[in-house]
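Asker: Using the sequences and the accompanying hints, generate a full structural model.
Protein chains: 2
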Amino acid sequence: MVLLSKIATNDGHGENSSFFDGWKAYDSDPYHPTKNSHGVIQMGLAENQLCFDLIQEWVENNPKASICTPQGSNGFNDIAIYQDYHGLPEFRNSVARFMEKVRGNKVKFNPDRIVMSGGATGAHETLAFCLADPGEAFLVPTPYYPGYDRDLRWRTGIQLFPVVCESSNEFKITRETLEDAYEKAQEANIKVKGLILNNPSNPLGTVLDKTTLRDAMSFICEKNIHLICDEIYSATVFDEPGFISIAEIAEESSVSKHRDLIHIVYSLSKDLGFPGFRVGIIYSYNDAVVNCARKMSSFGLVSTQTQHLIASMLSDDIFVEKFLDESAKRLAERHRVFTRGLAKVGIKSLGGNAGLFCWMDLKRLLKEPTFEAEMELWHLIIDEVKLNVSPGASFRCSEPGWFRVCFANMDDETMRIALQRIHKFVIQKTGLDQPMTRKQYKRSELEISLSFRRLDEFIMTPRMLSSPHSHMTSPLVRART
Amino acid sequence: MVLLSKIATNDGHGENSSFFDGWKAYDSDPYHPTKNSHGVIQMGLAENQLCFDLIQEWVENNPKASICTPQGSNGFNDIAIYQDYHGLPEFRNSVARFMEKVRGNKVKFNPDRIVMSGGATGAHETLAFCLADPGEAFLVPTPYYPGYDRDLRWRTGIQLFPVVCESSNEFKITRETLEDAYEKAQEANIKVKGLILNNPSNPLGTVLDKTTLRDAMSFICEKNIHLICDEIYSATVFDEPGFISIAEIAEESSVSKHRDLIHIVYSLSKDLGFPGFRVGIIYSYNDAVVNCARKMSSFGLVSTQTQHLIASMLSDDIFVEKFLDESAKRLAERHRVFTRGLAKVGIKSLGGNAGLFCWMDLKRLLKEPTFEAEMELWHLIIDEVKLNVSPGASFRCSEPGWFRVCFANMDDETMRIALQRIHKFVIQKTGLDQPMTRKQYKRSELEISLSFRRLDEFIMTPRMLSSPHSHMTSPLVRART
Numbered sequence: 001m002v003l004l005s006k007i008a009t010n011d012g013h014g015e016n017s018s019f020f021d022g023w024k025a026y027d028s029d030p031y032h033p034t035k036n037s038h039g040v041i042q043m044g045l046a047e048n049q050l051c052f053d054l055i056q057e058w059v060e061n062n063p064k065a066s067i068c069t070p071q072g073s074n075g076f077n078d079i080a081i082y083q084d085y086h087g088l089p090e091f092r093n094s095v096a097r098f099m100e101k102v103r104g105n106k107v108k109f110n111p112d113r114i115v116m117s118g119g120a121t122g123a124h125e126t127l128a129f130c131l132a133d134p135g136e137a138f139l140v141p142t143p144y145y146p147g148y149d150r151d152l153r154w155r156t157g158i159q160l161f162p163v164v165c166e167s168s169n170e171f172k173i174t175r176e177t178l179e180d181a182y183e184k185a186q187e188a189n190i191k192v193k194g195l196i197l198n199n200p201s202n203p204l205g206t207v208l209d210k211t212t213l214r215d216a217m218s219f220i221c222e223k224n225i226h227l228i229c230d231e232i233y234s235a236t237v238f239d240e241p242g243f244i245s246i247a248e249i250a251e252e253s254s255v256s257k258h259r260d261l262i263h264i265v266y267s268l269s270k271d272l273g274f275p276g277f278r279v280g281i282i283y284s285y286n287d288a289v290v291n292c293a294r295k296m297s298s299f300g301l302v303s304t305q306t307q308h309l310i311a312s313m314l315s316d317d318i319f320v321e322k323f324l325d326e327s328a329k330r331l332a333e334r335h336r337v338f339t340r341g342l343a344k345v346g347i348k349s350l351g352g353n354a355g356l357f358c359w360m361d362l363k364r365l366l367k368e369p370t371f372e373a374e375m376e377l378w379h380l381i382i383d384e385v386k387l388n389v390s391p392g393a394s395f396r397c398s399e400p401g402w403f404r405v406c407f408a409n410m411d412d413e414t415m416r417i418a419l420q421r422i423h424k425f426v427i428q429k430t431g432l433d434q435p436m437t438r439k440q441y442k443r444s445e446l447e448i449s450l451s452f453r454r455l456d457e458f459i460m461t462p463r464m465l466s467s468p469h470s471h472m473t474s475p476l477v478r479a480r481t
Numbered sequence: 001m002v003l004l005s006k007i008a009t010n011d012g013h014g015e016n017s018s019f020f021d022g023w024k025a026y027d028s029d030p031y032h033p034t035k036n037s038h039g040v041i042q043m044g045l046a047e048n049q050l051c052f053d054l055i056q057e058w059v060e061n062n063p064k065a066s067i068c069t070p071q072g073s074n075g076f077n078d079i080a081i082y083q084d085y086h087g088l089p090e091f092r093n094s095v096a097r098f099m100e101k102v103r104g105n106k107v108k109f110n111p112d113r114i115v116m117s118g119g120a121t122g123a124h125e126t127l128a129f130c131l132a133d134p135g136e137a138f139l140v141p142t143p144y145y146p147g148y149d150r151d152l153r154w155r156t157g158i159q160l161f162p163v164v165c166e167s168s169n170e171f172k173i174t175r176e177t178l179e180d181a182y183e184k185a186q187e188a189n190i191k192v193k194g195l196i197l198n199n200p201s202n203p204l205g206t207v208l209d210k211t212t213l214r215d216a217m218s219f220i221c222e223k224n225i226h227l228i229c230d231e232i233y234s235a236t237v238f239d240e241p242g243f244i245s246i247a248e249i250a251e252e253s254s255v256s257k258h259r260d261l262i263h264i265v266y267s268l269s270k271d272l273g274f275p276g277f278r279v280g281i282i283y284s285y286n287d288a289v290v291n292c293a294r295k296m297s298s299f300g301l302v303s304t305q306t307q308h309l310i311a312s313m314l315s316d317d318i319f320v321e322k323f324l325d326e327s328a329k330r331l332a333e334r335h336r337v338f339t340r341g342l343a344k345v346g347i348k349s350l351g352g353n354a355g356l357f358c359w360m361d362l363k364r365l366l367k368e369p370t371f372e373a374e375m376e377l378w379h380l381i382i383d384e385v386k387l388n389v390s391p392g393a394s395f396r397c398s399e400p401g402w403f404r405v406c407f408a409n410m411d412d413e414t415m416r417i418a419l420q421r422i423h424k425f426v427i428q429k430t431g432l433d434q435p436m437t438r439k440q441y442k443r444s445e446l447e448i449s450l451s452f453r454r455l456d457e458f459i460m461t462p463r464m465l466s467s468p469h470s471h472m473t474s475p476l477v478r479a480r481t
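Chains A and B, in that order, give the protein sequences.
Just so you know, UniProt numbering puts 236 at position 236 of the first sequence, and the rest follows in order with no gaps.
Just so you know, UniProt numbering puts 423 at position 423 of the second sequence, and the rest follows in order with no gaps.
Treat the hints as calculated values from the structure; they're not laboratory data.
Only a predicted model underlies this, so the values are computations on that prediction, with no experimental measurement involved.
It is possible that some hints are incorrect.
Pairs involving identical chains hold if they fit within one copy or between any two copies, as the list cannot separate such chains.
Distance condition first, Cα-Cα at most 27 Å in a straight line; then the derived DSSO-like pairs of lysine-lysine [said to hold, decoys possible]: (1) LYS24 / LYS295; (2) LYS6 / LYS191; (3) LYS295 / LYS6; (4) LYS191 / LYS257; (5) LYS367 / LYS6.
Answerer: As structure tokens, this is what we get:
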């Protein structure tokens with residue numbers, strides 16, 4: 001081992017985190033409805049599998065989109081040999097247009113600023129290599145996606161410095177918490193090079209409002225540091241308030257002269273549900289960063305076979321519109337069923353309107369308010385309830401008792417079984433002998449107003465046709481898996 | 001710019017090298033047979049375009065290999081969401097088997113040691129990150145592929161220390177030159193962590209013999225350093241002596257206890273001609289390196305759409321055998337036509353039997369034996385002859401006057417025009433008023449024995465049917481472009 005590098009021999013990859021441990025537990029005993037009905041249900045994977053039927057239908061109707069069909073194979077040669085790090089022009093154009101559509105056509109993206117990377121993983125690392133030297137730091141609000149440690153820190157040698165957010169104000173990022181983190185870094189003699197915002201947030205499932213974005217912008221302008229906005233969940237917003245991209249702020253006149261501090265990370269892994277295709281995107285307003293990141297993209301170019309397919313698919317306006325609309329509807333419905341299922345046994349969750357997961361509050365199931373107790377509860381959930389959920393500690397959450405639960409990577413029936421298991425577990429743990437009656441449930445709803453504030457708004461929106469209490473029996477869309 | 005990292009602001013990427021400058025010259029004035037017949041012909045790109053007809057035929061006959069055909073689309077979901085860094089099992093299996101076939105089935109590869117990367121570019125960087133810390137060095141025989149500076153050094157901070165090889169012994173790597181380089185590095189207080197061998201060699205177009213491989217192996221064992229073998233051109237060997245992989249040496253009993261110092265870089269960009277698909281492979285005999293490299297592969301995974309296609313294609317034994325056989329034949333024929341075309345105006349080249357290029361000796365066209373004169377000649381070739389060839393300096397060659405010329409990225413007609421331009425240029429420069437007569441040519445052949453030693457052997461092999469003097473008129477395979 002001494003012959004290997006420090007990077008190879010330290011544990012900077014973070015695979016020992018409980019976030020990844022849960023995956024291993026799932027891998028060794030995966031649930032299957034008939035073959036392993038007592039296995040672990042995977043709720044630790046933020047995958048979007050609810051609209052594959054639409055994608056598959058499109059693929060079947062568009063054989064020319066592939067270079068491996070009789071209709072498309074005459075393009076094979078040109079596509080297979082294309083290795084320019086700029087990417088196929090039609091790919092960059094269609095991705096730029098798609099990013100605009102996802103943002104309600106309120107902003108413009110210049111295809112010449114679209115840089116490819118190996119998923120968002122590669123995009124983050126590339127930006128870290130471009131923007132900071134080893135030892136320098138980015139501020140990151142907690143809780144944050146565990147993969148950031150691998151993506152941003154591992155091979156670059158930079159640090160992530162936490163901006164501590166708390167449940168008392170719904171984990172909002174305030175100017176004070178930003179200033180506080182910046183000062184603490186300075187006290188520790190750490191040079192801060194940027195701030196990372198994840199909007200919509202993984203694991204919170206919430207979006208940033210305009211005030212927060214403007215505050216963050218003025219903060220980074222004042223400190224003269226970079227702003228990386230990770231917007232990989234932008235098309236998973238399924239309810240009001242809508243998504244506001246940093247690109248909207250970038251177009252405000254007050255920001256224009258600082259625009260080159262802004263860099264967006266995007267991907268098609270979550271919004272379209274294609275993590276295997278490894279389509280990561282860096283969109284920077286900084287010319288030098290665009291140029292450097294493009295050179296670095298040689299380490300993680302998108303396969304031209306995939307570029308070609310994506311270019312065709314995303315330039316089909318009718319399909320894209322239908323997909324975005326239907327995807328939001330199905331995510332909303334899934335979220336509604338899941339959070340109301342939790343509420344039925346008194347489990348609160350943060351009011352979210354985006355993402356493929358919710359941020360579940362199990363504080364009252366902890367033996368004591370410590371991360372040891374959180375870990376103990378998590379092992380119980382994995383080992384006995386047989387659900388792989390992800391503990392807050394793995395997201396660097398400052399308060400024990402929160403868990404991220406993914407709900408879009410399974411079909412309706414699996415979701416129903418997961419909820420049944422949760423119900424049974426909570427009833428055992430709390431002494432409730434059965435799920436709450438409608439009356440109890442109503443009382444509980446008041447108590448857990450945090451959880452339901454957004455949910456109530458959501459229930460009132462006209463697009464939800466089914467009654468809020470018919471969630472266990474309503475005919476849900478069956479997702480293909 | 002001060003806000004960016006040192007990596008972003010230094011010129012470690014090496015894009016300012018004349019190697020890349022030539023590409024820019026081509027890009028701004030590309031040759032086209034009808035639309036721009038006086039444009040620059042691209043001979044700076046080591047692409048294998050001679051067998052695309054075979055690939056296209058296979059693709060059309062195998063619609064199930066694609067997830068974007070009616071026959072294959074029911075696999076779309078499973079493939080699109082697969083993001084495990086181990087890769088699809090059928091992909092790893094088929095790549096391992098393919099690597100064995102390319103090596104004449106003389107060695108075995110374990111699919112569990114196959115690690116994906118974003119092309120050979122990503123494979124090299126990953127190994128550098130795994131094996132060495134910033135400031136430490138790998139030894140690399142010169143001349144070497146200019147991209148190594150980007151791949152191995154740029155973001156890792158490691159150094160490349162030259163092992164100086166010379167034309168006096170056909171650029172062979174000897175134990176003495178290895179020892180000499182190692183000592184020089186030690187004198188400069190640089191810790192050597194490994195040796196990189198490129199076999200077959202880019203730019204030389206030659207293969208390493210068993211003695212050289214064993215010498216290198218005993219050298220690295222003695223020094224206790226790593227051996228990275230870049231074998232990305234292994235299936236481009238088109239003539240005797242055949243290719244000997246380091247994997248053969250690794251299986252020798254004397255080496256077994258040092259096997260974990262050996263790491264192979266592979267790719268499908270050259271051997272199959274799919275650079276756009278970004279299929280890079282690391283095969284390491286070291287468990288810790290396999291594990292670490294696999295974690296790093298998250299930054300450059302192969303698109304599962306592409307993994308799926310490759311798995312199907314490479315597991316078709318009949319196709320693979322036909323492809324390897326036909327590809328070698330076509331490369332041999334192309335090499336024969338090109339090198340004899342050069343010889344006709346007295347241009348020598350190193351006797352090669354592999355690769356997509358030859359290493360051309362233009363020393364006698366230099367004004368003086370300096371790299372300034374080489375650069376001057378190169379500009380003349382780019383600007384007046386309108387050929388993008390790559391000067392030896394960009395390969396860190398120790399002697400001025402050598403140029404790499406690629407011959408497999410164009411069709412026969414373009415090759416003929418390139419040779420015409422070379423003929424015209426050399427005649428002007430040297431005062432020859434016409435290409436040599438057969439008699440002169442025969443004399444010249446003796447003179448440039450270096451160039452023809454291997455070529456003569458080659459001409460004698462039974463698989464070459466056409467007469468050695470019919471090269472300008474023989475009906476050559478027309479490659480698709």
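Asker: Hints first: check each against the structure and report whether it holds.
Answerer: Hint check:
no. : hint            : verdict
1   : LYS24 / LYS295  : between (35 Å within a copy, 15 Å between copies)
2   : LYS6 / LYS191   : both (22 Å within a copy, 15 Å between copies)
3   : LYS295 / LYS6   : both (26 Å within a copy, 15 Å between copies)
4   : LYS191 / LYS257 : within (23 Å within a copy, 46 Å between copies)
5   : LYS367 / LYS6   : neither (39 Å within a copy, 49 Å between copies)
Violated hint: 5 only; the structure is consistent with all others.
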